[in-house]
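Could you build all of it, start to finish, from the sequences and the hints given here?
First to last, the protein sequences are chains D and U. For the first sequence, UniProt numbering gives the first residue as 1, with consecutive numbering after it. For the second sequence, UniProt numbering gives the first residue as 1, with consecutive numbering after it.
Read the hints as simulated data drawn from the structure, not as lab findings. Every value quoted in this text rests on a predicted model; they were computed, and no experiment measured them. Beta carbons are placed, not taken as given, at the ideal position from N, Cα and C, and that holds for glycine.
Pulled from the structure, derived: some chain D residues nowhere near chain U, Cβ distances all over 10 Å:
| id | residue |
| --- | --- |
| 1 | R33 |
| 2 | D53 |
| 3 | N55 |
| 4 | D137 |
| 5 | Q159 |
Under the rule of at most 25 Å between Cα atoms (straight-line distance), these lysine to any residue pairs were calculated in the SDA-like manner:
| id | chain 1 | residue 1 | chain 2 | residue 2 |
| --- | --- | --- | --- | --- |
| 6 | D | K84 | U | N213 |
| 7 | D | K77 | D | Q52 |
| 8 | U | K84 | D | L196 |
| 9 | U | K206 | D | I8 |
With beta-carbon atoms standing in for the labels, derived distance ranges:
| id | chain 1 | residue 1 | chain 2 | residue 2 | range |
| --- | --- | --- | --- | --- | --- |
| 10 | D | R109 | U | K144 | 34 to 44 Å |
| 11 | D | R157 | U | T10 | 20 to 30 Å |
| 12 | D | T46 | U | D83 | 33 to 43 Å |
| 13 | U | D25 | D | T10 | 19 to 29 Å |
| 14 | D | N165 | U | V191 | 33 to 43 Å |
There are 2 protein chains.
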Amino acid sequence: MENNEKKISTAVINRLPRYYRYLGDLLESDITRISSKELSEKMNITASQIRQDLNNFGGFGQQGYGYNVEYLYNEIKKILGLDKEYNLIVVGGGNIGQALVNYTSFEKRGFVIKAVFDVNPRLIGMTIRGVEVYDVDYMEEFVKNNDVDVAILTVPRSQASKVANDLASWGVKGMWNFSHVDIQVPDDVVVENVHLTDSLMTLFYKLNELYENEDFKSETSDDEE
Amino acid sequence: MENNEKKISTAVINRLPRYYRYLGDLLESDITRISSKELSEKMNITASQIRQDLNNFGGFGQQGYGYNVEYLYNEIKKILGLDKEYNLIVVGGGNIGQALVNYTSFEKRGFVIKAVFDVNPRLIGMTIRGVEVYDVDYMEEFVKNNDVDVAILTVPRSQASKVANDLASWGVKGMWNFSHVDIQVPDDVVVENVHLTDSLMTLFYKLNELYENEDFKSETSDDEE
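Quick look at the structure:
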């Protein structure tokens, strides 16, 4: 459970994609350098937090100059491992699975979905944006022959752990889990969960707290525009 | 920025849906009570963390007895505000928007999507699982007449902040944001982000770290099953 020396805290790691996203926006707007103060205002976190976060990776800022946007963008890209290519598959070709295959943002960022697997005969043989839906019986062979890095799991919760463990035993080391259950996997497998319902419940909690604090529900405020 | 006295930390709030999920599973399996130790093993967090978390809400455990599952489930349900009904709309009837309307887990939990809004004439007039897709021009009227609590935003990033602010000015206080951008909203509006690409990047980071540590990419390990 102890972090080893080079290990970066989960909180920092979770913020990296956000830095990457903002720096990408700056690049697109042809902004070549930015101070931690300016970046702080854009990202709505403190400048000191930004400096602290980025120091984890060797502190790319220069006093009086700020950060070189392109350099920092490319460094974070490397740190995130986005300079490499990954093979993805989707397991479960239902609504969420199909939506993810259709999600063009992924392609723009170089994440390529190689195949979809399902048990439903009505889906098998279909293609979604050029990606074929195969029978789940073919998954083992496909995985073993195609060096699959990440499985996107959108299977029913009752099957999620079994599927994840099968995939792990065939060499898939990354699970992006949309099943509404915490999957148990071997130690040498990494998991990132997207528990949509949990996220919505968190929103309801915050909303409910807001309503209670401000007594919103008892009033209407049509004229407040 | 200071927390007020009754405020519970974000970390605890973010764990609550998970407790709720596990307790719901226990209820379904007709388990009526559970010790923090047993719950700890199931949830893979320490028993002391569980006790600490649940103490935030008055400590429902009893020494030698453990937690009453149904009672705790219902208390967390109330804390999350899930004993109330919320009106939801989806703004953006594309892939993710449609998948969310089709996502039956929401209905089972009593989250009801009332309408979908889009600009695309090909989508307007369609129904998705009985939910109508309206022209976005009709959104203001609909929102004002239907006491909408939460807008699920799946619009392009360039439009997300404008849409969120329009909705906020019409009285929508909760934004579940799937747009790949951090939206700026008034202080009396709560936001929960689902940045899918950020989540996937975090997974790539972890995967890359794993590969580097274990030199996986340089070897194949077909015979390790």
